[in-house]
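Colleague: Letter by letter, the chains look like this.
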Amino acid sequence: MSSGLASDEVAEDYKNSLEDLTLNSRYEISNLTVIAKENTEHAMAISRVLENHIRTAPPNRKLPALYVLDSVVKNVGTPYTLFLGRNLYQTFMNAYTLVDNQIRKKLDEMLKTWKEPVPGSMDTRPVFPVEITRSIENALIKAKTAAVQQQHQQAKAQQEILHRGRSTATPPMHWRNTPTPPQSSTPFALPYGAHASGVRSGNNSNHNNNNNNNNSNGVTPSYGNHKQYPQQYPPTPLSQPGPYQQPTQTPDTLDTLNNDIANLIDVARAEFATNLYDQGVQTRLKALLDLQSILRSQKLPPEQIKLIRDQVAQLSLSSKPTPIPAPPVIKAPEPPQPPAPQPNGQQLGASLQSLFSSNALAELLASTARAQQKPTPPPVQSAFSTPQPQLPFAQPQVAAAPVPPVATENPLVASLRAAGLLPPANVLSTATPPALPLNPAVFPMPPIAPPTIPLMGTPPTQSATPARAALAEIENDVEMTTASLKIPRPKLISTLYEAQPSQCTSCGRRFPTTEEGRNKKARHLDWHFRVNQRLVDVVKRGQNRSWYLDEMEWINYKENDEGLNDTNSNGTAAAGSAEATSAKSKKDLKNQYIAAPSDPALANVSCPICQERFETVWHDGAQEWVWMDAVRVGGRTYHASCFAEATKDGRGGTPARDATPEPVLGKRKAEDGDLNALRARIKKENIP
Amino acid sequence: MALPGLNLSAATEIAAPVVHEIQKDSEWRFEVAFGSNVEVKLLSGTAEIFGTELAPNQTYTFSGAKAAIYTWHGCRIQVSGTCQVEYTAEETPMVSYANVHFALEKLRRQAAIDGREGPRVMVVGPDNAGKTSLIRTLTGYAAKTGGQPLVVNMDSREGMLGIPGSLTAAAFGTLMDVEEGWGSSPTSGPSPMPVKMPVVYFFGLPSPESNSAMYKSVTTRMALAVTERFSRDVASKETGCFIDTPGILSQGKNNYDILHHIATEFSVNVLLVLGSERLHSDMLRRFDGHRASTDEPISVIKLLKSGGVVDRDEAYMRHMRQTQIREYFFGDNKSTLSPHTQQVDFSQVTIYKIVEPSTILTSLLPGGDEDNDTEPSRGGFHGPPIFEKVEPSLSMQYSILAVTHVAPNSPHEDIRDSSLMGFVYVAEVDEQRKKLRILAPVSGRIPNKALVWGTWPEGFADLVG
Ligand SMILES: [Zn+2]
Ligand SMILES: [Zn+2]
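Those protein sequence lines, which keep their order, are chains A and B.
Numbering follows the UniProt record's numbering, in which position 586 of the first sequence is assigned residue number 586; successive positions increment by one, without gaps.
Numbering follows the UniProt record's numbering, in which position 245 of the second sequence is assigned residue number 245; successive positions increment by one, without gaps.
I should point out that these hints are in silico values taken from the structure, not numbers from a laboratory.
Please note that a few of the clues may not be correct.
[What the hints assert, rightly or not] Here are a few chain A residues that face chain B, going by a calculated C-beta distance under 10 Å: (1) Asp123; (2) Thr505; (3) Cys507; (4) Gln533; (5) Leu535.
C-beta: ideal position from N, C-alpha, C; glycine also.
All chains, please: the whole structure from these sequences, using the hints.
Modeller: Printed below as a string of structure tokens:
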């Protein structure tokens with residue numbers, strides 16, 4: 001029930017309680033949930049405190065704090081989902097960046113439950129809107145694929161330092177002993193997740209204890225739930241980083257191959273980012289990453305390397321949506337060109353997909369896992385020298401798919417066959433690739449037919465720059481002449497597509513994967529979220545077409561990219577929340593708004609304190625007409641600044657609005673002046 | 001042999017969705033009748049409608065549409081519902097259209113370096129040459145590249161973010177609505193698509209020919225507003241503008257001087273000519289080698305008309321106008337709007353009728369001068385009357401009135417040059433009781449402003465029951 005306290009007092013209490021929360025204590029988490037529930041009128045303040053705490057808490061205390069967040073949104077729901085949802089991306093990603101892999105797994109699980117309705121609730125909506133969770137997932141996937149590559153780079157660097165034969169038991173460069181955690185540019189610098197667990201094992205066991213003796217009431221199913229994804233992971237003990245083998249193959253062949261694979265991974269990753277739920281792309285990406293790690297950890301006979309290399313080279317050619325350096329040594333077999341450019345992107349896409357049917361991943365994982373268990377094959381020491389569980393798209397159900405028996409050839413070769421990277425042992429190549437990529441019966445796949453037309457219509461260039469960087473600086477040679485306009489330029493088209501690989505799944509808008517692009521997208525998703533929330537209200541409220549802006553308003557109008565302006569300093573702006581009695585900066589008050597009433601009787605009311613009318617402006621972030629600097633208290637509407645002033649020290653008087661934002665009349669006059677100037681210009685020009 | 005009671009159209013409605021594979025660099029063209037819906041979903045690959053990309057796995061609903069889904073990479077789409085026409089075309093002018101975008105990007109980059117305005121692009125061509133589709137495509141690409149072009153619709157036959165009869169400009173920096181063409185102007189509630197903020201002027205006649213003097217004046221005013229906007233809005237300034245023109249201006253030499261007027265007022269420096277060889281050579285003669293008022297050379301470029309552009313007959317156009325009017329007041333299938341009807345006395349409204357140029361000569365009326373005593377004189381210059389102040393009459397029933405931003409008794413030039421607040425609809429005229437029934441988008445008294453009655457769009461009898 002209402003404590004009758006000011007928000008800042010409640011917030012202070014809450015902050016103190018949070019600071020006591022060092023363990024994953026169900027009792028304390030429930031307690032904090034109850035406090036949040038009883039103080040929903042201070043939800044905004046509490047949410048801020050909670051966010052701040054999660055941000056500033058040491059890594060080992062972040063998880064319990066996130067469990068509080070989880071519990072509050074599931075047990076109390078709105079308005080906490082609204083307030084906490086707004087910054088959830090930052091809150092979650094910040095924490096995720098700083099904690100170890102054990103905790104990351106728990107965060108992964110938590111994230112998963114946010115995509116679903118609260119168990120046992122009548123409300124069928126997910127805990128947080130899917131735009132929010134999806135943006136987090138998106139970021140995680142990208143970070144994780146980047147991390148896998150980074151591991152390989154680090155491992156390579158490490159090898160150079162340690163040389164062959166030296167023990168690799170020493171952890172490679174890492175941040176554990178430094179006071180500063182890794183920065184965002186290297187968020188997953190910890191190559192072996194388990195290295196960190198030694199430090200934090202105490203915490204982890206505490207979690208386990210709590211799990212054992214809590215009396216669960218079932219509402220927060222994720223706490224202490226240590227169910228992992230065992231199917232997903234190879235049984236390699238995580239605490240033992242597999243030793244890296246110095247590759248013995250001729251370096252140029254292997255390097256070429258590694259380059260090709262790295263490029264294919266780039267392409268697949270970009271594709272995956274745009275098409276997050278496409279199983280085919282996921283599978284292909286996973287298979288490529290696995291192939292990469294297998295190649296780096298195992299010795300293979302040169303002829304096998306060559307075989308793989310040729311296949312990969314063809315894949316490189318065919319899957320290329322962006323220019324990728326062509327391996328100079330490779331001579332991909334080219335069949336005679338058909339007279340008409342029949343094979344096209346679509347068909348190629350289909351055959352590529354079919355190469356990586358969903359079973360291919362299962363087969364690849366299963367056979368390499370078998371290889372690890374079997375001590376017999378000499379070249380296989382450890383197929384996975386790095387923990388693979390970081391890959392969230394290794395869905396359990398995929399890994400659990402039935403594993404067809406494979407002949408007794410080298411399991412790696414078999415798995416490559418399975419992934420379609422090598423031709424099948426006994427299936428003759430057929431002219432047409434199967435049309436249904438997901439049909440397990442078509443497994444193993446026939447080899448890909450060498451493409452006659454690259455996907456994007458351009459041959460690979462000699463440029464060695466990574467695809468994405470190249471796109472940013474593509475030469476634009478189009479002239480405004482009929483001849484120049486006729487030449488197809490797929491590379492330029494890619495600036496409209498592949499160069500901005502991160503696509504909003506609800507409206508299709510694209511964003512680059514730069515820092516700025518990520519921020520923009522996060523704001524964009526936030527915008528969708530807010531609009532969706534308001535659309536629910538508006539059904540009740542009814543709406544109508546607005547009058548147009550007048551000329552001078554239009555001339556001065558600043559288009560905002562959705563919500564660019566209202567999520568910065570002050571989260572309260574978008575909330576339109578009622579109670580604004582706590583001490584806030586004037587700017588915060590000015591940014592506070594409520595939806596402008598459509599009822600004419602209400603539209604004409606003045607502020608009871610200063611007797612002035614409210615200024616109706618279009619709010620781009622909210623996508624509706626609003627009254628700025630307005631607050632609704634007890635059924636009446638005030639200027640937020642007037643109200644704050646009047647209630648600041650208990651006086652109920654009518655203080656002057658010392659900070660009237662824009663004297664409405666004065667502004668009007670100024671505009672009329674502008675307008676007259678404009679008119680004068682027109683008259684002058686009209687008179688001959 | 002027809003079986004009574006067998007409803008074939010109903011049977012096809014529930015037919016299973018069809019999946020189309022569209023090869024790269026081709027497009028699926030489709031037409032959907034008014035009153036029937038076709039749903040399209042992108043299953044894989046990429047696809048765009050007039051430069052705006054479709055989101056994967058979202059359902060887009062089309063009604064009364066003639067459009068094309070183009071793919072640069074190949075795609076699979078799922079289509080539910082019955083199209084009047086549908087086929088896939090491999091030959092499209094999209095390569096050259098996209099290249100125009102990249103050429104414009106180069107001009108924009110240079111303009112930014114020089115601190116000048118980005119390219120002012122005017123698109124000319126006869127009716128049904130695909131001018132609006134080309135501008136939508138170029139606008140979509142510009143927005144996707146991070147630009148924020150101003151789009152200026154100078155064709156009163158079709159509305160943009162407004163109803164026919166209006167001339168509109170708006171900035172397009174955010175995603176456009178693939179279902180709704182140019183999208184929607186703001187409503188009192190939230191919108192699932194970013195809304196566009198237009199400035200709207202009224203011409204109220206179907207063709208500039210009907211009153212070229214008034215058309216030119218409104219053009220001048222629009223150009224001034226756009227130029228002013230450029231001076232205060234860096235994003236739009238760097239991107240420039242696209243100007244859509246009425247087809248009639250490209251269909252006879254008599255009207256070239258109006259095209260020339262638009263080009264001059266907006267300092268057009270790129271002229272895209274669609275689909276007509278003769279028009280192209282005429283435009284070359286008139287503009288090529290000339291310089292815009294900014295001293296930039298004018299490029300005149302001929303582009304091929306898309307084979308997907310179909311002739312829209314008068315019945316379709318009429319239907320489209322009525323749809324635009326209905327959507328202005330009542331919203332579309334995504335958001336229902338609640339307009340407001342009210343009774344007003346004749347004395348409560350001040351309505352101006354656009355004077356036909358032919359009648360100006362015979363009219364000796366002083367043009368409402370007696371009402372303007374308090375107004376500053378028009379610089380001592382009294383042009384011919386532009387409007388005629390009229391009493392409501394039965395002939396006004398079912399008409400659209402434009403609500404200006406100026407006071408009821410403003411000088412005619414001010415009324416003509418005023419941007420609009422919006423539109424009201426005359427649902428009923430009761431000459432005996434001297435009362436009007438008015439449908440307005442916004443509740444509350446109709447604003448006490450000068451109202452303008454044009455002949456375009458034509459009356460629309462069954463907008464309100
Ligand atoms: Zn979006
Ligand atoms: Zn006030």
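Colleague: Which earlier hints turn out false for this structure, listed by number in ascending order?
Modeller: 1
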